[in-house]
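J.: Chains as they are written, first to last, in our numbering: chain A, 1 to 286; chain B, 1 to 286.
Check the hints yourself; a few may be wrong.
Any copy will do: because identical chains look the same in the list, a pair fits if it lies in one copy or spans two.
What the hints assert, rightly or not - Pairs of lysine to any residue residues, derived as SDA-like cross-links and limited to a Cα-Cα distance of at most 20 angstroms, are as follows:
(1) Lys23 / Arg12
(2) Lys82 / Asp97
(3) Lys274 / Gln230
(4) Lys82 / Glu195
In short, the hints are calculated from the structure, not lab data.
Here are the chains, one letter per residue:
2 protein chains.
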Amino acid sequence: MIETTRTVSTLRSWVKTCRQSGKRIALVPTMGALHEGHLTLVDLARRHADEVAVSLFVNPTQFAPGEDLDRYPRDEQGDRAKLDARGVSMLWAPTPDEMYPDGFSTTVSLDGPALGLETDHRPHFFGGVATVVTKLLLQVLPDVAVFGEKDYQQLQVISRLTRDLDIPTQIIGGSTIREPDGLAMSSRNAYLSKEERQVAPVLNITLKAAGRAALAGDDPRTTETKAISQLLAAGFARIDYVAIRHAESLAPLTSADIKAGQPMRVLGAGVLGKTRLIDNLDPRSA
Amino acid sequence: MIETTRTVSTLRSWVKTCRQSGKRIALVPTMGALHEGHLTLVDLARRHADEVAVSLFVNPTQFAPGEDLDRYPRDEQGDRAKLDARGVSMLWAPTPDEMYPDGFSTTVSLDGPALGLETDHRPHFFGGVATVVTKLLLQVLPDVAVFGEKDYQQLQVISRLTRDLDIPTQIIGGSTIREPDGLAMSSRNAYLSKEERQVAPVLNITLKAAGRAALAGDDPRTTETKAISQLLAAGFARIDYVAIRHAESLAPLTSADIKAGQPMRVLGAGVLGKTRLIDNLDPRSA
Chain A
1 MIETTRTVST
11 LRSWVKTCRQ
21 SGKRIALVPT
31 MGALHEGHLT
41 LVDLARRHAD
51 EVAVSLFVNP
61 TQFAPGEDLD
71 RYPRDEQGDR
81 AKLDARGVSM
91 LWAPTPDEMY
101 PDGFSTTVSL
111 DGPALGLETD
121 HRPHFFGGVA
131 TVVTKLLLQV
141 LPDVAVFGEK
151 DYQQLQVISR
161 LTRDLDIPTQ
171 IIGGSTIREP
181 DGLAMSSRNA
191 YLSKEERQVA
201 PVLNITLKAA
211 GRAALAGDDP
221 RTTETKAISQ
231 LLAAGFARID
241 YVAIRHAESL
251 APLTSADIKA
261 GQPMRVLGAG
271 VLGKTRLIDN
281 LDPRSA
Chain B
1 MIETTRTVST
11 LRSWVKTCRQ
21 SGKRIALVPT
31 MGALHEGHLT
41 LVDLARRHAD
51 EVAVSLFVNP
61 TQFAPGEDLD
71 RYPRDEQGDR
81 AKLDARGVSM
91 LWAPTPDEMY
101 PDGFSTTVSL
111 DGPALGLETD
121 HRPHFFGGVA
131 TVVTKLLLQV
141 LPDVAVFGEK
151 DYQQLQVISR
161 LTRDLDIPTQ
171 IIGGSTIREP
181 DGLAMSSRNA
191 YLSKEERQVA
201 PVLNITLKAA
211 GRAALAGDDP
221 RTTETKAISQ
231 LLAAGFARID
241 YVAIRHAESL
251 APLTSADIKA
261 GQPMRVLGAG
271 VLGKTRLIDN
281 LDPRSA
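All chains should be built: construct the whole structure from the sequences, respecting the hints.
T.: Quick look at the structure:
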């Protein structure tokens, strides 16, 4: 039966008990509103550890004013039932006050993989994510932590900060789970109208096509521009970026880099109706 | 016999061995050039743990260009002998490349106690300190870590970041060790000429007098200004600050705050010849 805790001290008692019986621990950080994408990360975590903890915290510091903090979907009871059915031992659901007590003064920030892409459009985002993920990792000190590849830049940022700060946890990326038509699963898909839902898969289709074109030798910058036009023509209200990048540093790749076999990722983000969607893929395996 | 290690992986093997035999670990971070002040911190650390590790790392990121990074005193062999005689088990002496490998991208920063005072005069300082101390704490994951009260603002910054990031280590402050004439021991005292060495104790004497005046009801801001004049008259080339502050938040105190018994600290920093000296004290116990 899944246990729920809301304080760091009770969480640490649970961790201590696990450690005393020699168990390996995995952490899957989430903001709740769990769908099959999250549950697949849980399954991946179980393959690497004896006990799985899932954190549920809608982190206010990674939302800018005017973003969807207040309307972000919340369903703790439903989430708990799903996690229990998947064999999760611990739901770590702290309050904002437990995470950010009076006088809280510390920020973890990055350049490197945190520069550009999401940062250009959500400048607060990775500052908030890097700080809260550092806290979650240090609260649990898990052997492994699993993050979805759907938030690919976030995964690279977290991998980098974990190495840079010597956090003794292995970061594992879990593949993006998709609807049958290719749309990446996301809690925000619930915001889409019926008409928008029909347009949404074009993001994945367009990123795939851009990746294929770049692999075939087309200029990456021209390919990105063309993809943006296609997405706008398909009905997206705004495209923040389509970007053909190095898979780890996220630096832009040239045709020569791609020809030389550099690790590659195609990333895209845009707004459909009022909902911001992101996706990414490795065109060599997509 | 003291062991020396230069890689995180060998350090962690040592930590693991200690943990397997149920030993408590203390860490004393230093930049080397050890004097009796450091060794007193080591003795304090031994009272809280079974094994003491001392780190020796002259952290380049907390020196600004033009500061004394290159001429900062270094004597690893002498330091090791002193620590061995004091019963230290592990000297953790990483290279800059081990601490900051290629692609390093992460910074830990603070507002709160990091605002003002040292930050006004060494803007890079606490960014460098907060990041390297986070790394050292996470490399060793000690039960306790000991820092000198001589760098009082640094101690408050480290206490704050340790709580904020949920680092599972207790931070302990060790009293400042002084020469018979009251000068706080410091590696930088070695830079002082014979004449400067005679003037140096005036810093401590002046801070004490300022604290007494503020406790007696004198206005703190006026008292600070008077103390600065006295230090300049005594021969200091520059005074960065004399400050009467809350002992934890380091916010300025009013006469009413002091009368109400708020925790208090008097801090000062200035340049004598070419050497920057700092000191601080609790006027209620000095």
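J.: Hint by hint, say whether it matches the structure.
T.: Each hint tested on the structure:
1. Lys23 / Arg12: both (14 angstroms within a copy, 19 angstroms between copies)
2. Lys82 / Asp97: This pair counts as neither: shortest intra-copy Cα distance 26 angstroms, inter-copy 45 angstroms.
3. Lys274 / Gln230: Classified as within: same-chain Cα gap 19 angstroms, cross-chain 64 angstroms, threshold 20 angstroms.
4. Lys82 / Glu195: neither (29 angstroms within a copy, 74 angstroms between copies)
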